[in-house]
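Engineer: What follows is the residue order along each chain.
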Amino acid sequence: MSEPARPRIFLVEDHAVFRAGVRAELGDAVEVVGEADEVGPAIEMINERVPHVVLLDVHLPGGGGQAVLRGVLPLHPGVRFLALSVSDAPEDVIAVIRAGARGYITKTISGGELLQAVYRVGAGDAVFSPRLAGFVLDAFSQGTATGTVTSGRDPELDQLSPREGQVLRLIARGYTYKEVARDLTISVKTVESHVSSVLRKLQLSTRHELTRWATDRRLV
Amino acid sequence: MVMGVPARDHRGIPKSNDPSTTTKTTAAETSLDSCTSGPWSRNRWEGSWSHGRRRRHHPLQGLRRSSENRVLAGICGGLAQRTGIDVTLLRIGFVALGLMSGFPVLIYAAMWLVVPLDKETTNIFSRAVNDRRGLRLFIAVIPVVVVAQIVISLLHIGFIGIVGWPVFLAAGLTILIWRNASEPERVWINDDVAPMLSLGTERQGRAKLMLRAGAGVLLGAGGIVVLIIGHTTAAALRPIGGALLIIAAIVVIFGPWWVSLVRDLMSERQARALAEERAQMAAHVHDSVLQTLALIQRSSDDPRQVVRLARGQERELRAWLFEGRPPGTIGDEATTLSEGVGLLQRQVEDDHGVTVQVVMVGECALTDGLRALLDAAREATVNAAKWSGAPQVSLYAEVERDVVMLFVRDRGRGFDPDRVPSDRQGIAQSIRARMARYGGTVAIRSSSGEGTEVELSMPNSAASPERTPASR
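Chains as they are written, first to last, in this note's numbering: chain A, 1 to 220; chain R, 1 to 472.
Treat each hint with caution, since some may be false.
Beta-carbon label-pair distances, calculated as ranges [what the hints assert, rightly or not]:
1) A:Arg182 - R:Asp86: 33 to 43 Å
2) R:Gly353 - A:Phe18: 15 to 25 Å
3) A:Gly111 - R:Gly353: 18 to 28 Å
4) R:Asn69 - A:Thr108: 48 to 58 Å
5) R:Asp302 - A:Phe18: 22 to 32 Å
6) R:Arg308 - A:Arg163: 20 to 30 Å
7) R:Met281 - A:Gly63: 40 to 50 Å
8) A:Gly111 - R:Ala271: 29 to 39 Å
9) A:Arg212 - R:Ile92: 52 to 62 Å
According to the in silico footprint, chain R covers these stretches of chain A (three or more CB under 8 Å from chain R) [unchecked claim]:
10) 127 to 140
11) 172 to 184
Hints in this document: simulated from the structure, not taken from any laboratory. The beta-carbon is built from N, C-alpha and C at its ideal position, and this holds for glycine as well.
Work out the full structure: start from the sequences and follow the hints.
Structural biologist: This is how it looks when you write it as structure tokens:
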């Protein structure tokens, strides 16, 4: 990875027990530069300390994970966010991704996988859990079945390329990037670029499902 | 070790919009699968090669029917490979000549019988000579041919007369072919013939019934027209009286024999149905009782767990024996695929203490085939939970236009699918046979140390996928 050997990370999470657990699991591999359990202090401290990666809980008192993203990204677009959640509801996940998070993982992830995800997000790549890949496939397959329901600003953004579809399917089946690369006989780098391109579509697409999932969340 | 890997896996899952393409792939996969696991394994292959090398004097000596390039028996495909002539030309030639005289049809059937398939060393004929009942059926066809020939010659329908008897004989030969084809080929023929046979089964729709009735009326009308046009005077109908006498004679002589043959066939069919029933029962018992017994052995140091398992099993068995609800199946409590998958997830997580991570794309109503798919998926998940040693099993299901794909993946120790003893019920009965009964297919990829993935695919013609926005 192009990042320094020990990425500086910041934890935003309202469960102290979970924060301690993450700290223990990541151990010496990272440098934890700070922790916060609420939106306001989190924005303040992140803007002050500018970590490489922020581990961000989706459900946060005081506006949710998106509020943190909105408070930090305009000032420090280089800070990368990795969203963590227990809920797995599409509206939570999609909303936080569309607000600018570079990846999404479930809290049940193992320590090794968490570290890998942190590295990957730190290097500027996207991290998709199988569940997120499933949501994306679901959202992008809707229009093809029923006729596209978008304002059609950029049609490229509103559909997945066949290759992106294949990559997402394998991720949804539980394959790691390395296994996806082997199965499709492409390089891991190519897999990463496909996933990043899907992430971009996910953030910019005006597809009905995605916007609805995202706005549903904001209303709550 | 990779087993029965269909080409589609390297392309991901094909989003095929053409149902015929999909069914073809599936059929090929099935035959491929049974080739690898069945009795037609490596040593027979090798035998075939050395056999072919030893004597190749005659141009047709090494001729093999093509298993890839085939419409019916793969003869044109094999001939094309052998002679270098374009296969389409050969096919057109066969059909054209067949329409002219009927002999090529007989030759084709005979070649089907005598020329072995490219993956096998023995031809169908070598098995057919030992099939006494098949031979009797074939011989029983000969009087029918004679009768038909007499009638036709009396009616002066020369054309049908010429085409007729080779075709009738060829039809007789197909009895021998069907009865003695190897298992992979049978599956294959079955897939091609099944749509035609479904016209005649009880479970036919109105449309099919109308189609059949319409075809019958047309044929009958055609026959009457031919009779009236061909014989304007009543006197000319007299020979038909003679023909009827001869037919009566033949029926009197051969009738009882035919009846006994039909009776034999029926009892054979019953026996087959019984065997299938037994296989289903074995699959059920394996999924419920044997699984529970294995669990009990593993948790023998925890008496409360043992009691809990035994109680649950007892309840299930009672429900099966006295209420007819098969154990280890996804019952009526689930009506959609996602409900069924959720149920499966809960059951396996409760019983085996592993995490089942579910990802679903799309949704549709449960059919019998999809219930079988879920039962097979549960068996695969339970196997992963029990044997792989991995704490988590991934389950991915996707509803496509005309097929439901389901993948069960673990990152455990893996196994060699070729080494599983054939008497072990798990994969053979509870997964493969269960899927095959509803036209589904199975592919298992596993390698030691890297875990296992079971790919299940079930055609889903009954319901078009309805997407739910809030996928689980």
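Engineer: Indicate, hint by hint, whether the structure satisfies it.
Structural biologist: Here is how each hint holds up against the structure:
1. For the hinted restraint 33 to 43 Å between Arg182 (chain A) and Asp86 (chain R), the CB-CB distance of approximately 38 Å keeps it satisfied.
2. Between Gly353 (chain R) and Phe18 (chain A) the beta carbons are some 22 Å apart, a value that agrees with the proposed interval 15 to 25 Å.
3. Range check, Gly111 (chain A) to Gly353 (chain R): Cβ separation about 20 Å, and the 18 to 28 Å hint holds.
4. Our hint of 48 to 58 Å for Asn69 (chain R) and Thr108 (chain A) holds, since their Cβ atoms are close to 50 Å apart.
5. Evaluation of the 22 to 32 Å hint for Asp302 (chain R) and Phe18 (chain A) yields a pass: the beta carbon distance comes to about 30 Å.
6. For the hinted restraint 20 to 30 Å between Arg308 (chain R) and Arg163 (chain A), the CB-CB distance of approximately 49 Å leaves it violated.
7. For the pair Met281 (chain R) and Gly63 (chain A), the beta carbons lie near 59 Å from each other, so the given range of 40 to 50 Å is not met.
8. Distance hint check: the CB atoms of Gly111 (chain A) and Ala271 (chain R) are about 58 Å apart, inconsistent with the given range 29 to 39 Å.
9. A hinted range of 52 to 62 Å holds for the C-beta pair Arg212 (chain A) and Ile92 (chain R), which are about 56 Å apart.
10. Proximity of the segment 127 to 140 of chain A to chain R, defined as three or more residues with a beta carbon under 8 Å from a beta carbon of that chain, is established by the 7 residues found.
11. Only residues whose beta carbon comes within less than 8 Å of a beta carbon in chain R count, and the segment 172 to 184 of chain A has 6; three or more means the coverage holds.
Violated hints, in rising order: 6, 7 and 8; the structure is consistent with all others.
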